[in-house]
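**Q** Assemble the whole structure, with the sequences as input and the hints as a guide.
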Amino acid sequence: MNRSRHLLAAALLASALSSTPSQAAKELHPPILLTNAINRSGDDLSGTWTYSKDRYRVSLSEMNNTPPDPRNQRYRDVIVQAEEKANPSIFFEYDMQRAPRATLPGSWNMPNTELRYYDGLMWYQRTFNARDLGKDSSTQRAFLRFEAVNYKASVYLNGKFVGQHEGGFTPFTFEVTSLLRKGENQITVGVDSTRNDESVPPTFTDWELYGGITRPVRLIYTPKTYIDDQHLNLNEDGSISASVKLDGPGAARQPVTLSIAELGLKLTASTDAAGQATFKVKAPASLQRWSPESPKLYDVQVQAGDDSLSDRVGFRTIKVVGENILLNGRPIFLRGISMHEEEFGPTPARIITPQAARALLSEIKYGLNGNYVRLSHYPHSELTVRMADEMGLLVWSEIPVYWSVDFSSAKALLTARKMMAENILRDRNRASVFVWSVGNETPGTPERLHFQSTLADDTRALDPSRLVSAALWADKAKVGKRIEAKITDPLAAKLDILAINTYTGWYGDDSLADITTMNWSNLHGKPMVLSEFGADAKANYHDPVNQPKYSEEFQAQFYTNTLKMADNISFLRGVSPWILKDFQSPRREHPVYQNGWNRKGVISETGERKLAFDVLSNYFKRKAEAVKP
101 MNRSRHLLAA ALLASALSST PSQAAKELHP PILLTNAINR SGDDLSGTWT YSKDRYRVSL
161 SEMNNTPPDP RNQRYRDVIV QAEEKANPSI FFEYDMQRAP RATLPGSWNM PNTELRYYDG
221 LMWYQRTFNA RDLGKDSSTQ RAFLRFEAVN YKASVYLNGK FVGQHEGGFT PFTFEVTSLL
281 RKGENQITVG VDSTRNDESV PPTFTDWELY GGITRPVRLI YTPKTYIDDQ HLNLNEDGSI
341 SASVKLDGPG AARQPVTLSI AELGLKLTAS TDAAGQATFK VKAPASLQRW SPESPKLYDV
401 QVQAGDDSLS DRVGFRTIKV VGENILLNGR PIFLRGISMH EEEFGPTPAR IITPQAARAL
461 LSEIKYGLNG NYVRLSHYPH SELTVRMADE MGLLVWSEIP VYWSVDFSSA KALLTARKMM
521 AENILRDRNR ASVFVWSVGN ETPGTPERLH FQSTLADDTR ALDPSRLVSA ALWADKAKVG
581 KRIEAKITDP LAAKLDILAI NTYTGWYGDD SLADITTMNW SNLHGKPMVL SEFGADAKAN
641 YHDPVNQPKY SEEFQAQFYT NTLKMADNIS FLRGVSPWIL KDFQSPRREH PVYQNGWNRK
701 GVISETGERK LAFDVLSNYF KRKAEAVKP
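296 is the number that our numbering gives to position 196 of the sequence shown; each next residue is one higher, with no gaps.
If you are wondering where the hints come from, they were derived from the structure by calculation, not from laboratory data.
Predicted model only: the values in this text are computed from it and were never measured.
Fair warning: there could be bad hints in the mix.
[Unchecked claim] Taking lysine to aspartate or glutamate pairs in the DMTMM-like style, the calculated list, with each CA pair at most 20 Å apart, reads:
| # | residue 1 | residue 2 |
| --- | --- | --- |
| 1 | K576 | E541 |
| 2 | K260 | D195 |
| 3 | K396 | E362 |
| 4 | K586 | D614 |
| 5 | K260 | E183 |
| 6 | K511 | D297 |
[Claimed, not checked] FRET-style restraints, in silico, Cβ to Cβ:
| # | residue 1 | residue 2 | range |
| --- | --- | --- | --- |
| 7 | T213 | S410 | 37 to 43 Å |
| 8 | S410 | E708 | 39 to 45 Å |
| 9 | N646 | N619 | 30 to 36 Å |
| 10 | H690 | T213 | 19 to 25 Å |
| 11 | M163 | E298 | 21 to 27 Å |
| 12 | P431 | Y156 | 55 to 61 Å |
| 13 | T213 | N296 | 23 to 29 Å |
| 14 | E541 | G429 | 31 to 37 Å |
| 15 | T213 | E708 | 20 to 26 Å |
| 16 | A593 | D144 | 42 to 48 Å |
Each residue gets a CB set at the ideal place from its N, CA and C atoms; glycine is no exception.
**A** Next up, the structure:
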């Protein structure tokens with residue numbers, strides 16, 4: 101990088117540092133959060149929906165960007181057959197009532213595998229009977245809650261526009277109290293999977309698109325004044341702090357009670373003029389801290405006026421001191437693996453049920469002897485994170501700031517900032533989540549430095565109790581018979597943990613033998629994690645002589661050599677190889693070994709363990725036994 105680029109990088113970084121953390125946190129907070137919505141009562145809108153392709157987006161505009169013709173507006177509150185019967189002179193070019201059917205949540209390739217590579221606008225519709233608010237409409241509210249729609253969502257209720265959301269992996273909520281009607285209601289969602297360089301992630305990735313309504317949709321009811329947010333944390337000084345935010349006409353000066361019965365705690369406070377109540381109390385001596393070995397969760401109850409909300413929360417501390425990661429004040433080595441959100445099976449559709457999540461995480465916890473999972477490369481289902489809480493797996497949580505995002509785009513930056521805020525505000529009560537990642541494998545440009553530095557600052561403002569990281573590339577050079585590796589990325593200054601993706605021995609001209617010659621230097625005095633390493637292997641393919649790559653034997657030896665190299669890194673504090681299971685990727689099209697699958701899993705897509713699985717499992721077993729008292 102020449103001197104002018106250095107100066108530009110410094111100026112952009114200074115600009116990122118000048119933002120006010122409290123202001124950033126406030127600006128990024130969604131107008132309606134409805135935290136812990138998973139534990140609220142409501143109507144589940146999962147089940148049968150109809151769907152209709154709209155590749156040319158004629159429901160939104162006609163030729164020359166003119167307003168859409170009514171015959172194409174799929175979100176209209178009409179019964180097409182009835183309209184046609186009443187007036188034979190009109191015609192429609194859609195009929196949502198007679199359209200194909202799909203079971204949601206799930207991507208659109210599930211009912212029709214021919215739609216796997218469909219990229220564009222799809223309309224979903226169903227009818228439902230809402231609760232009759234009737235005389236209670238003055239004291240009750242109703243919200244539509246979407247856990248994830250990939251990638252952009254436009255929501256209509258009874259033909260009326262409700263709102264839009266961008267981002268395929270984080271929740272969003274719209275109030276619909278005034279739009280609900282007695283009896284049957286119609287909900288229509290336009291899902292646009294199309295992305296560009298300003299999208300997060302961009303067009304070019306290495307995983308399956310999975311467009312659609314991929315996580316649950318619910319209609320949630322609350323009192324007029326309700327609990328919009330609650331957050332609890334165990335502090336380094338041994339105290340428990342909590343905050344509760346109310347929304348509604350009675351939010352100010354409202355008594356709030358927070359109870360943890362098992363700990364004998366019952367705390368009371370009153371909200372301020374903005375509806376915020378805060379609590380702080382010394383943790384009881386009986387408090388059992390959450391850890392992978394003992395994932396203790398406590399039932400927490402919050403009561404405010406007519407609303408109450410329960411959750412199961414674990415308490416633990418996490419920090420970095422020098423080159424160590426301290427969990428509850430003790431050094432920890434992260435024994436984990438990366439994982440995409442894709443269930444086991446030959447035709448996955450990102451349908452994560454409790455059973456699907458447990459099947460995946462059990463392979464890590466019990467099969468691999470792991471204590472950690474890197475949820476790549478985007479926020480996974482809340483169900484998965486809660487399952488990690490319950491089972492005892494530390495979670496690396498990431499947003500899809502990935503590869504070729506337009507890092508000079510203000511729009512892309514705002515999208516990423518909102519995405520990070522939505523992710524943090526959803527999961528900051530989960531003890532399993534210990535690090536927020538601001539991206540993966542991004543180029544070393546000044547614009548990118550500004551972009552991810554801003555995200556790091558936002559993250560610390562929104563949640564100072566957790567660590568910040570990003571998956572980086574290392575600088576490597578051949579020096580004699582050794583490979584010298586180090587991290588020179590200036591983003592390292594903004595991170596708590598240095599995470600490196602390394603594929604020496606797979607990509608490039610390096611051999612398997614070269615892996616063990618790698619020597620790593622720590623220029624930053626921080627702990628490092630090997631966030632990725634891996635090699636493709638097709639399950640049950642064994643021909644290490646004629647075609648060694650793609651064989652199970654090659655992958656197993658790659659793991660053996662890389663883990664041997666890892667043991668020589670004095671400041672290494674964890675690994676999360678790439679990846680738990682084979683996953684779909686349109687980028688991988690070798691007709692013999694891939695056929696649309698990335699084969700770097702230590703397990704096949706249907707659950708067959710490869711030879712490398714045992715190599716990693718035995719390594720983690722030795723690591724775990726080495727720290728036992």
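**Q** Are the hints correct? Go through all of them and say.
**A** Hint check results:
1. K576 with E541: Within the cut-off at roughly 15 Å; holds.
2. K260 with D195: holds, 18 Å
3. K396 with E362: Answer holds: K396 to E362 is near 12 Å, not above 20 Å.
4. K586 with D614: holds, 16 Å
5. K260 with E183: holds, 19 Å
6. K511 with D297: holds, 10 Å
7. T213 with S410: 37 to 43 Å: holds, 41 Å
8. S410 with E708: 39 to 45 Å: holds, 40 Å
9. N646 with N619: 30 to 36 Å: Holds, at about 33 Å.
10. H690 with T213: 19 to 25 Å: holds, 20 Å
11. M163 with E298: 21 to 27 Å: holds, 25 Å
12. P431 with Y156: 55 to 61 Å: holds, 58 Å
13. T213 with N296: 23 to 29 Å: holds, 26 Å
14. E541 with G429: 31 to 37 Å: holds, 33 Å
15. T213 with E708: 20 to 26 Å: Since T213 and E708 have Cβ atoms about 22 Å apart, the given range 20 to 26 Å holds.
16. A593 with D144: 42 to 48 Å: holds, 46 Å
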